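Asker: Spelled out, the chains give:
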Amino acid sequence: TQLLEQSPQFLSIQEGENLTVYCNSSSVFSSLQWYRQEPGEGPVLLVTVVTGGEVKKLKRLTFQFGDARKDSSLHITAAQPGDTGLYLCAGGPGTASKLTFGTGTRLQVTL
Amino acid sequence: ETGVTQTPRHLVMGMTNKKSLKCEQHLGHNAMYWYKQSAKKPLELMFVYNFKEQTENNSVPSRFSPECPNSSHLFLHLHTLQPEDSALYLCASSLSSGGANYEQYFGPGTRLTVT
Numbered sequence: 637t638q639l640l641e642q643s644p645q646f647l648s649i650q651e652g653e654n655l656t657v658y659c660n661s662s663s664v665f666s667s668l669q670w671y672r673q674e675p676g677e678g679p680v681l682l683v684t685v686v687t688g689g690e691v692k693k694l695k696r697l698t699f700q701f702g703d704a705r706k707d708s709s710l711h712i713t714a715a716q717p718g719d720t721g722l723y724l725c726a727g728g729p730g731t732a733s734k735l736t737f738g739t740g741t742r743l744q745v746t747l
Numbered sequence: 008e009t010g011v012t013q014t015p016r017h018l019v020m021g022m023t024n025k026k027s028l029k030c031e032q033h034l035g036h037n038a039m040y041w042y043k044q045s046a047k048k049p050l051e052l053m054f055v056y057n058f059k060e061q062t063e064n065n066s067v068p069s070r071f072s073p074e075c076p077n078s079s080h081l082f083l084h085l086h087t088l089q090p091e092d093s094a095l096y097l098c099a100s101s102l103s104s105g106g107a108n109y110e111q112y113f114g115p116g117t118r119l120t121v122t
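Sequence order for the protein chains is A and B.
Just so you know, we're using my numbering here: the first sequence kicks off at 637 and counts up by one.
Just so you know, we're using my numbering here: the second sequence kicks off at 8 and counts up by one.
Pulled out of the complex, with its shape left as it was, chain B reads as follows (with noise of 0.2 Å):
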């Protein structure tokens, strides 16, 4: 597979469960990003990682815990979400996150339905 690809593309999950999502890249890229993207709403940038370290925490509430064990994967640990937490799940990639190099390439996204 070649760019960005994210799974589930789909999750359905009650307040209560715990659930993961999971990215990869497959650009060569090392900087990696979650972003939530909620109707009527500008992209919301939650976390950046570079080279596996984690550069922003973008105000992010703890039910969510991102986690990058290699340049490559990033994750997305959910638990005791809310409704309003209910969006598109954006995983993207750029080849660093400094300089001019920070050209961003998306996944499809998780469309995550909390019940």
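In isolation and in its complexed conformation, chain A is listed as follows (with noise of 0.2 Å):
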């Protein structure tokens, strides 16, 4: 079975902060995508990493995958409150579709 689990749990920061959130497995994952769920809603894709080093920027957020395709890193630059939200990655076998998801990281971002 493979598992992701995510560090930390819960991060609480307030507006302008930096943080990283961490996604790591001891299984390979041909790719490796990250979503952002807001209470009440589902998960949004937010990007889709599929080589190893890969690097992807979105605005104030960028994603890192692992060289050994084992793990992935988001990193958020000075926090917003509409950052608030649970991240969840999620790993991708490259057949069916049988996505692997990671534990998650709820985060509050505060003015």
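Keep in mind the hints are simulated off the structure, nothing from the lab.
Take these hints with a grain of salt, some might be off.
No farther apart than 30 Å at their CA atoms in a straight line, the calculated lysine-lysine pairs in the DSSO-like style are these [claimed, not checked]:
1) A/706 <-> B/43
2) A/692 <-> B/48
3) A/734 <-> B/25
4) A/734 <-> B/59
5) A/734 <-> B/43
6) A/693 <-> B/48
7) A/706 <-> A/734
8) B/47 <-> A/706
9) B/48 <-> A/734
10) B/47 <-> A/693
11) B/26 <-> A/734
12) B/29 <-> B/43
13) B/48 <-> A/706
14) B/25 <-> B/48
15) B/47 <-> A/692
16) A/734 <-> B/29
17) B/47 <-> A/734
In silico negatives: residues of chain B with every beta carbon more than 10 Å from chain A [as the list claims (entries may be wrong)]:
18) 31
19) 66
20) 74
21) 80
22) 91
This one's a predicted model, so the numbers in the text were calculated from it and none came from an experiment.
Virtual Cβ for every residue (Gly too), placed ideally from N, Cα, C.
Bring the two chains, given one by one in their own frames, into a single complex with the hints.
Answerer: In structure tokens:
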């Protein structure tokens, strides 16, 4: 069974701070996705990374896929209250679409 | 409407009731999924349909019965549920369930409470 552990589980920071969320596994994934889920809504896809070592930027969010494709990180610069939500990573096997979802990181950004 | 829609958004049902959740996708995708999201647990895949055919049943109890009449619609029929089945039920779709085209797009979910 593939497992994805995210850390930290909870993070409460003030507006303007930087933060990094980690997603780790002992399994190799062909790709890794990051989602953000706001209360009362479904997860929304933020990015997909497919190449080991790949870095993608989405405004203030920087996503990195580990060289061995077993881990990923999400860095947010100058966090804003609108960044509040549950961040989920999900690893794809590359064949059947049975994504393995991570345990989630709940982020709260306050003024 | 665009994207993935789910109805109802909230549902309260007794343990002896029968109800159905509906999902519709307007993205032209061929694969659809049901997930269960409980507090403090990772998202749990329940069922996968690809071109209307069920390809995954992740050991889901028979009190949950999926139906996929076409690639755009997915139902989850519920009967004799237990209180521990209370959760957010999410529907998702993707272009296909195989190969590299498995980026999934989620609906807003149905918040189910079993009393």
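Asker: Checking against the hints above, which ones are violated?
Answerer: When the structure is compared with the hints, none of them turns out to be violated.
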